[in-house]
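One letter stands for each residue in the lines below.
Number of protein chains: 2
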Amino acid sequence: MDLIKQRILKDGIVAPDSVLKVDSFLNHQLDIDLIEQLAQEFCRRFQGAPITKVLTIETSGIAMAYPVARALGVPLVFAKKSHSIKLDGEVYEAEVEYFPKRRPQKVVVAKKYLSPTDHVLIIDDILANGFVLQGLISLVESAEATVEGLGIVIEKGFQEGGHRLRNLGYRLESLAIIDAMDPATGTITFRDEE
Amino acid sequence: MDLIKQRILKDGIVAPDSVLKVDSFLNHQLDIDLIEQLAQEFCRRFQGAPITKVLTIETSGIAMAYPVARALGVPLVFAKKSHSIKLDGEVYEAEVEYFPKRRPQKVVVAKKYLSPTDHVLIIDDILANGFVLQGLISLVESAEATVEGLGIVIEKGFQEGGHRLRNLGYRLESLAIIDAMDPATGTITFRDEE
Chain A
5 MDLIKQRILK DGIVAPDSVL KVDSFLNHQL DIDLIEQLAQ EFCRRFQGAP
55 ITKVLTIETS GIAMAYPVAR ALGVPLVFAK KSHSIKLDGE VYEAEVEYFP
105 KRRPQKVVVA KKYLSPTDHV LIIDDILANG FVLQGLISLV ESAEATVEGL
155 GIVIEKGFQE GGHRLRNLGY RLESLAIIDA MDPATGTITF RDEE
Chain B
5 MDLIKQRILK DGIVAPDSVL KVDSFLNHQL DIDLIEQLAQ EFCRRFQGAP
55 ITKVLTIETS GIAMAYPVAR ALGVPLVFAK KSHSIKLDGE VYEAEVEYFP
105 KRRPQKVVVA KKYLSPTDHV LIIDDILANG FVLQGLISLV ESAEATVEGL
155 GIVIEKGFQE GGHRLRNLGY RLESLAIIDA MDPATGTITF RDEE
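Chains A and B supply the protein sequences, listed in that same order. The numbering of the first sequence is the numbering used here, which starts it at 5 and goes up by one. The numbering of the second sequence is the numbering used here, which starts it at 5 and goes up by one.
Simulated from the structure, these hints should not be mistaken for lab results. A hint or two may mislead.
The list cannot tell twin chains apart, which means a pair is met if one copy fits it or any two copies do.
Calculated cross-link-like contacts (lysine to aspartate or glutamate; reagent style EDC-like; alpha-carbon spacing at most 16 Å) [as the list claims (entries may be wrong)]:
| hint | residue 1 | residue 2 |
| --- | --- | --- |
| 1 | K85 | E62 |
| 2 | K116 | D15 |
| 3 | K9 | E62 |
| 4 | K25 | E177 |
| 5 | K85 | D196 |
| 6 | K25 | E94 |
| 7 | K25 | D186 |
| 8 | K110 | E62 |
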């Protein structure tokens with residue numbers, strides 16, 4: 005999707021250790037016009053899927069997931085990191101290894117908000133090693149609900165998450181896939197998907 | 005505002021220790037139709053104010069702030085709790101005492117997203133003791149920007165935050181003010197504002 009690729013080239017900052025800073029438009033300051041257009045593109049790509057709920061995880065997925073849920077006319081649920089829960093009743097839990105060599109964190113969702121009849125679209129801003137998405141998939145599958153698809157704004161195609169999730173059979177739609185980033189020159193190479 | 009009061013009466017759960025659980029529609033599962041209407045009400049109340057930016061804080065303020073920023077046609081910035089920052093450059097910081105007797109936490113916003121010419125509307129879901137809002141106000145004032153107002157969905161009027169902020173001269177608009185909650189009976193008493 006050219007819109008997001010152009011914005012990444014214009015305002016993204018390539019930092020060492022495979023970090024791409026997009027905080028000027030996607031995950032600290034939010035460009036609402038851009039996010040609305042990205043939401044429309046997700047809806048176009050998942051048109052016809054019988055989605056009953058959008059699922060994301062705090063924090064930075066919420067603003068992207070909100071207009072998708074609005075456009076689809078379904079509720080939005082965001083999974084919580086366990087330190088912040090004040091939830092009634094039972095929860096589904098998954099362990100997420102955010103960073104290698106650090107202790108896994110729990111992510112939780114209240115059982116009453118995911119049921120076996122739900123068809124879930126999972127939305128997040130960035131996909132790298134895919135551990136967070138696998139945690140969200142695990143929550144949906146714990147509820148015996150159906151994962152209709154995964155919608156990601158920026159996939160770091162040089163890390164293994166997207167490849168692994170596609171191999172597992174999930175429908176993964178990434179609006180921009182980055183195959184290489186060079187912090188020395190700032191060069192960003194996108195995957196050619198057309 | 006009757007809409008949110010009715011929803012609190014229908015789906016809110018009064019728990020001990022002054023906790024009101026609204027996770028079925030406001031801060032875990034989100035009822036998008038409701039939130040859209042609350043956003044319209046905030047816009048109505050702050051109509052004419054020269055707002056250039058909406059500010060909230062992760063996590064649960066984001067979904068409420070998003071449609072307000074969209075309707076006003078301005079960017080949304082969410083302050084971060086310091087443990088999650090991956091920010092370039094300098095930040096404004098404030099200390100927030102979330103809970104009595106626990107260590108204050110830092111909240112931060114990148115300096116480049118708040119400037120002296122900004123007129124900021126601060127949005128959050130719940131107001132209790134007001135420490136979080138005071139942290140956000142402090143960030144805005146560190147930037148020598150102007151606080152145009154504070155928009156809150158649910159104010160716990162029996163705690164001191166709202167009273168203190170109004171006394172300080174801030175324009176605080178709460179869509180529902182709760183003056184009493186009884187966990188034994190589940191009774192919720194709203195302030196009569198008309």
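Hint check:
1. K85 to E62: Close inside one copy (7 Å) and across copies (12 Å); limit 16 Å.
2. K116 to D15: between (40 Å within a copy, 13 Å between copies)
3. K9 to E62: This pair counts as neither: shortest intra-copy Cα distance 24 Å, inter-copy 26 Å.
4. K25 to E177: Neither: 21 Å inside a chain and 35 Å across chains, both beyond 16 Å.
5. K85 to D196: So K85 and D196 fail the 16 Å test inside a copy (35 Å) and across (37 Å) alike.
6. K25 to E94: between (36 Å within a copy, 14 Å between copies)
7. K25 to D186: within (13 Å within a copy, 47 Å between copies)
8. K110 to E62: within (12 Å within a copy, 18 Å between copies)
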